[in-house]
Amino acid sequence: MEKSGKKEGAPKAAGTKVTRRSFLKGVGALGLGLAAAPSMDRLAFAQPKGPLKLSFWTWQNPQQHTWIQKRVKMFMEKNKGIQVDWQYFTFTDLGKKISVGYATGTAPEGFATGTWLMPTWLSRNMIAPMDIKRLGYSSLQNFMNDYPKAFVDGAVKDGKVYGYPVYVYGFLNYLNTNHFKEAKLDPEKDQPKTWEELGQVAKKLAIKKGNKFERQGFKFAMHAPMWTMVQFNPILLQCGGSWFDKSGKCTINSDAGVRAMTIRASIIRQYQAEDPADTIATSPLPMMDFLKERVSMFSTHCIPLPAVKSQNEKMAAEGYYRPVQMPGVDPNKRYPTAYGFNFVVNVNASKEKQEALHDLYRFIMSDLVDCWKDTGPFTPARKSGWADDPQVKNYPHIDEIIKARDNGALLPETPVFNELADIVHQAVQKVTLENADIKKALDEAAAQVDKATEEFKTKK
Amino acid sequence: MLTIGRAQISVSRWQLGYESRIKFWGIMFILPTVLFFLIFKYGPMIWAIYLSFTGYDIVTEPRYIGLSNYLSIFKDPIFLQALNNTLVYIVGSTMAITVLGLGLALLINTGIKASRFFMSSMFLTNIMPILAVCLVWRFLFHPHGLVNQFLSPLGLGRIDWLTNSSLALPAIMIVTAWRFAPYFMVVFLAGLLAVPKELYEAADIDGATSVSRFFRITLPMISPIVFFVVVVSALLCARIFLMPFIITGGGPGGATRVLSMLIYETGFSYLKMGRAAAISVILFLIMLVFTILQIRIFSKTEEY
Chain A
0 MEKSGKKEGA
10 PKAAGTKVTR
20 RSFLKGVGAL
30 GLGLAAAPSM
40 DRLAFAQPKG
50 PLKLSFWTWQ
60 NPQQHTWIQK
70 RVKMFMEKNK
80 GIQVDWQYFT
90 FTDLGKKISV
100 GYATGTAPEG
110 FATGTWLMPT
120 WLSRNMIAPM
130 DIKRLGYSSL
140 QNFMNDYPKA
150 FVDGAVKDGK
160 VYGYPVYVYG
170 FLNYLNTNHF
180 KEAKLDPEKD
190 QPKTWEELGQ
200 VAKKLAIKKG
210 NKFERQGFKF
220 AMHAPMWTMV
230 QFNPILLQCG
240 GSWFDKSGKC
250 TINSDAGVRA
260 MTIRASIIRQ
270 YQAEDPADTI
280 ATSPLPMMDF
290 LKERVSMFST
300 HCIPLPAVKS
310 QNEKMAAEGY
320 YRPVQMPGVD
330 PNKRYPTAYG
340 FNFVVNVNAS
350 KEKQEALHDL
360 YRFIMSDLVD
370 CWKDTGPFTP
380 ARKSGWADDP
390 QVKNYPHIDE
400 IIKARDNGAL
410 LPETPVFNEL
420 ADIVHQAVQK
430 VTLENADIKK
440 ALDEAAAQVD
450 KATEEFKTKK
Chain B
0 MLTIGRAQIS
10 VSRWQLGYES
20 RIKFWGIMFI
30 LPTVLFFLIF
40 KYGPMIWAIY
50 LSFTGYDIVT
60 EPRYIGLSNY
70 LSIFKDPIFL
80 QALNNTLVYI
90 VGSTMAITVL
100 GLGLALLINT
110 GIKASRFFMS
120 SMFLTNIMPI
130 LAVCLVWRFL
140 FHPHGLVNQF
150 LSPLGLGRID
160 WLTNSSLALP
170 AIMIVTAWRF
180 APYFMVVFLA
190 GLLAVPKELY
200 EAADIDGATS
210 VSRFFRITLP
220 MISPIVFFVV
230 VVSALLCARI
240 FLMPFIITGG
250 GPGGATRVLS
260 MLIYETGFSY
270 LKMGRAAAIS
280 VILFLIMLVF
290 TILQIRIFSK
300 TEEY
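Top to bottom, those sequences are chains A and B. Under numbering that gives the first Met the number 0, the residue at position 229 of the first sequence is numbered 228, and the numbers go up by one with no gaps. Under numbering that gives the first Met the number 0, the residue at position 106 of the second sequence is numbered 105, and the numbers go up by one with no gaps.
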């Protein structure tokens with residue numbers, strides 16, 4: 000198409016007589032154009048090109064993937080020569096699907112990835128550096144300034160940008176305010192500020208008959224390793240622990256790690272306000288039990304109103320739920336895990352396709368108010384261009400949502416993230432389901448993580 | 000006349016004799032299947048064996064590392080646990096499938112009322128989508144699910160089927176037996192119907208009890224079928240993946256992680272294709288043992 004486009008233009012050019020006046024006019028126009036270019040950073044898009052077929056995969060989320068689909072469709076309407084073969088996969092499957100795609104030569108040219116997987120792709124040179132100018136930024140610094148620092152750090156390596164940030168959000172503690180009132184608790188005043196308080200409040204909220212919970216006070220999601228990591232990460236960090244030391248050795252079996260796991264298990268062991276066997280065996284949706292009012296507090300990413308509506312119309316209409324900050328070990332340092340998604344480009348994609356993907360990504364993220372309208376309260380990664388909009392400002396508890404995003408700690412950056420997540424998930428299962436010795440479970444886990452890291456280094 | 004591109008080859012012009020023409024067309028007919036097997040079966044198998052001697056992370060070229068993968072996996076507690084789980088699962092499920100399948104076949108063979116209806120309805124378990132089966136059983140095994148409700152009159156209390164490491168694998172064996180036993184029941188039934196009635200008539204005249212009739216006539220006569228069922232179901236169980244993957248995800252704490260799950264995780268989640276290939280070669284060897292057994296049993300069957 001590009002070639003034929005040039006051919007179509009060629010006779011016109013040949014038939015136009017270039018005079019000195021028209022040449023000077025052209026130079027003048029070019030100068031004006033160049034002068035105006037920086038101020039049009041975000042507005043200028045590449046000219047339509049094609050025919051080009053792009054494959055592009057994203058994660059599944061009813062609000063988010065529908066919005067991305069809408070934007071992709073709009074992009075294709077504007078760029079008639081470009082066809083985007085867009086597919087989405089579940090949150091936990093996407094990374095594996097992409098790995099399989101790389102193994103079989105069927106990986107998409109562009110895809111969305113969880114930020115926690117960036118080291119996995121980067122350490123294996125699977126994704127290509129991006130042209131920030133094509134994304135609308137005049138310099139790397141301008142790009143960095145436009146996103147939360149901790150988040151964008153993971154997308155930048157050796158001064159090159161490898162990920163175009165899409166969303167970033169932090170976990171929150173959702174409270175059922177009716178349950179609080181029933182238990183004679185004030186959701187504002189009595190919201191748990193420390194993990195200890197969380198256990199005590201959860202115990203008051205829980206209703207148990209015999210060996211069966213009619214209502215759990217609080218629960219940790221148990222269905223996927225990724226959720227285990229997101230929920231355990233801030234506890235470990237708040238206890239003064241870390242995932243790895245400077246030499247890369249896994250340190251989750253440190254005293255801080257043991258303390259963190261003790262806190263993690265305390266809701267079951269000490270406060271008996273949670274039934275992990277029930278949690279693991281049910282709920283196709285992690286927050287289902289909260290929305291069905293079978294649990295009074297649940298830690299999750301922001302829950303969009305349509306999700307509440309789809310499960311519990313009464314709760315949505317009466318609004319007897321609210322997000323608050325996650326507890327902390329120190330009540331003054333409450334923070335959750337924050338994570339997000341980047342758009343990236345497959346290193347094997349042709350130059351032409353890489354350029355088209357830049358244009359696609361830039362187009363998708365060019366209207367963040369529209370993004371909020373369709374996908375709020377999921378917060379876009381970019382700092383500017385949406386937070387001041389009245390629709391955003393009027394959203395219930397938006398301050399809590401943005402605070403969780405801005406204060407959130409990122410997941411550990413390691414090329415063996417999937418192994419780490421699986422190993423920690425199993426350790427948590429052993430401790431919470433089998434009442435295993437915490438130190439022993441963490442020692443085993445740390446040894447397995449070290450082995451995985453060693454194998455990665457020696458490329459086994 | 001055989002036309003390939005511009006060249007026109009006349010088979011008859013080759014002056015092929017009848018025998019040669021038969022051979023020629025025979026080869027031509029089986030060629031697609033042979034090519035299919037070479038490209039899609041043996042090719043990947045040989046490739047996997049090669050990969051098992053390499054370090055391969057999917058993106059960069061495979062790097063030869065000798066026996067490193069094999070040496071390291073036999074020291075790996077996760078692999079040893081998965082190997083143990085696989086063997087326990089094969090033995091347990093095979094026994095359950097065989098005993099249950101044979102029991103059901105004997106029951107149907109007694110000529111109970113509506114036996115055809117029972118046979119058809121039991122066989123339905125085999126044609127139901129595996130995903131639906133797993134999800135339904137997940138709910139049945141819930142701490143407050145139907146299984147525990149049925150068992151409650153026995154005073155067993157709450158049983159955490161899927162979250163107790165001692166019970167999770169047996170729970171998956173129960174699902175396996177539920178799904179596959181009716182299929183093998185049909186196989187057993189075919190064997191039972193082939194036992195000559197005269198033998199039972201003679202035993203009746205001699206005053207044999209039903210137990211001695213079973214152990215002295217039925218079982219010896221259908222022993223090749225029993226061996227067949229044991230070997231085939233063992234092969235089936237060795238490859239099991241979806242049931243533990245969907246029902247327990249390999250948990251709790253790796254208690255239900257079998258080798259095929261470990262291969263998937265190692266290869267596609269941890270990007271260690273060489274190591275995954277080495278584990279798959281070991282699984283292949285386990286299955287090879289059962290296949291050799293099956294071949295031997297069939298040779299004996301002919302003698303029988």
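Because the hints were derived from the structure by calculation, they are not lab data. One or more of the hints may lead you astray.
As the list claims (entries may be wrong) - Examples of chain A residues toward chain B, derived with CB under 8 Å: (1) P389; (2) Q447; (3) D449; (4) T452.
As the list claims (entries may be wrong) - Computed cross-link-like contacts, DSS-like style, restricted to lysine-lysine with a CA-CA straight-line distance of at most 25 Å: (5) A:K95 / B:K40; (6) B:K74 / A:K248; (7) B:K40 / A:K438.
Using N, Cα and C, we set each Cβ at its ideal position, and we do this for glycine too.
Which constraints among the numbered hints does this structure fail? Numbers only, ascending. Violated hints (numbers, rising): 1, 3, 4, 7; every other hint is consistent with the structure.
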